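If you read the sequence shown in our numbering, its first letter stands for residue 87, the second for the next number, and so on.
Treat the hints as calculated values from the structure; they're not laboratory data.
The structure presented is a predicted model; accordingly, all values stated were derived computationally and were not measured.
Hints may contain errors.
[As the list claims (entries may be wrong)] Here are the simulated lysine to aspartate or glutamate pairs, EDC-like style, with alpha carbons at most 16 Å apart:
#1 LYS150 / ASP130
#2 LYS264 / GLU126
#3 LYS154 / GLU178
#4 LYS120 / ASP244
#5 LYS150 / GLU126
#6 LYS264 / ASP244
#7 LYS192 / GLU178
#8 LYS154 / ASP130
[Said to hold, decoys possible] Label-pair ranges, simulated between beta-carbon atoms:
#9 ALA175 / ALA119: 41 to 49 Å
#10 PRO310 / THR99: 40 to 48 Å
#11 GLN167 / ARG113: 42 to 50 Å
#12 LYS150 / LEU121: 20 to 28 Å
#13 LEU217 / LYS297: 30 to 38 Å
#14 PRO123 / ASP294: 31 to 39 Å
#15 LYS179 / ASP214: 31 to 39 Å
#16 THR212 / LYS299: 35 to 43 Å
#17 THR151 / GLY236: 21 to 29 Å
#18 ASN153 / ASP301: 27 to 35 Å
#19 ARG218 / ARG171: 19 to 27 Å
A virtual CB, placed ideally from N, CA and C, is assigned to each residue, including glycine.
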Amino acid sequence: MAARRTKKKRAGTPRRPSAKRREQWQRVRTELAKLYPEVECALDHVDAFQLLVATILSAQCTDKTVNKVTPALFARYPDAQALARARQATLEKLIRPTGFFRNKAKNLIGMAQMLDSEFGGVVPRTIDELLRLPGVARKTANVVLGTAFGIASGVVVDTHVGRLSRRLGLTKQTDPVKVESDLMGVADPDDWIWLAHALIWHGRLVCDAKKPKCDECTMAGFCPSARDVSAVAAGR
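Start from the sequences and build out the full structure, keeping to the hints where you can.
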């Protein structure tokens, strides 16, 4: 008898949540809306091109470090046409503090060349087109579409979003694509862009990876992981 094949879900497809998870999301959303009613991307930029470059650089790097690097970078390469002609060695020196600078430089030049040759130097507004660009995965594409264009194509899942989503009981997944599907399932599309920013800021300010400030967190009362952290702190 032939094995039954399961249909693989396309990345970015919302996963239907349980009633319990929907209830938990409503608690989380209510509190996040109080704490972060208006939040913005922490990467400095003036247009979609700069945001795309900065987001590629932010992989395995803090936004603070990226923001220190990009002023000189954008002064030298203000648009896709200029970046497409960059010498890799020169670009590597400019972005070295962001880490993985050789691979990032290669991707940035390849990305700029494709933008110049196939999109007239203009950042595309669809996720499928963005994903064709070197160095661009779903996280980067979602950042650009959501922040630069206000297009809710999905939920940005970085380390903060993944960590908080698990701690708050919104997902059990570790794969970013699966985490995104769970978040898209519980949250309305109108919340997708804001949700990621809110979780990122809460992760930076309160829910640290190693030392979460559960005693200061207003969501500790309904956060499944807060009890575990408290037990560890108490020596239990």
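Quick rundown of the hints versus the structure:
no.: 1; hint: LYS150 / ASP130; in the structure: 9 Å, holds
no.: 2; hint: LYS264 / GLU126; in the structure: 24 Å, violated
no.: 3; hint: LYS154 / GLU178; in the structure: 15 Å, holds
no.: 4; hint: LYS120 / ASP244; in the structure: 22 Å, violated
no.: 5; hint: LYS150 / GLU126; in the structure: 14 Å, holds
no.: 6; hint: LYS264 / ASP244; in the structure: 12 Å, holds
no.: 7; hint: LYS192 / GLU178; in the structure: 9 Å, holds
no.: 8; hint: LYS154 / ASP130; in the structure: 9 Å, holds
no.: 9; hint: ALA175 / ALA119: 41 to 49 Å; in the structure: 48 Å, holds
no.: 10; hint: PRO310 / THR99: 40 to 48 Å; in the structure: 25 Å, violated
no.: 11; hint: GLN167 / ARG113: 42 to 50 Å; in the structure: 49 Å, holds
no.: 12; hint: LYS150 / LEU121: 20 to 28 Å; in the structure: 21 Å, holds
no.: 13; hint: LEU217 / LYS297: 30 to 38 Å; in the structure: 36 Å, holds
no.: 14; hint: PRO123 / ASP294: 31 to 39 Å; in the structure: 22 Å, violated
no.: 15; hint: LYS179 / ASP214: 31 to 39 Å; in the structure: 34 Å, holds
no.: 16; hint: THR212 / LYS299: 35 to 43 Å; in the structure: 39 Å, holds
no.: 17; hint: THR151 / GLY236: 21 to 29 Å; in the structure: 27 Å, holds
no.: 18; hint: ASN153 / ASP301: 27 to 35 Å; in the structure: 31 Å, holds
no.: 19; hint: ARG218 / ARG171: 19 to 27 Å; in the structure: 21 Å, holds
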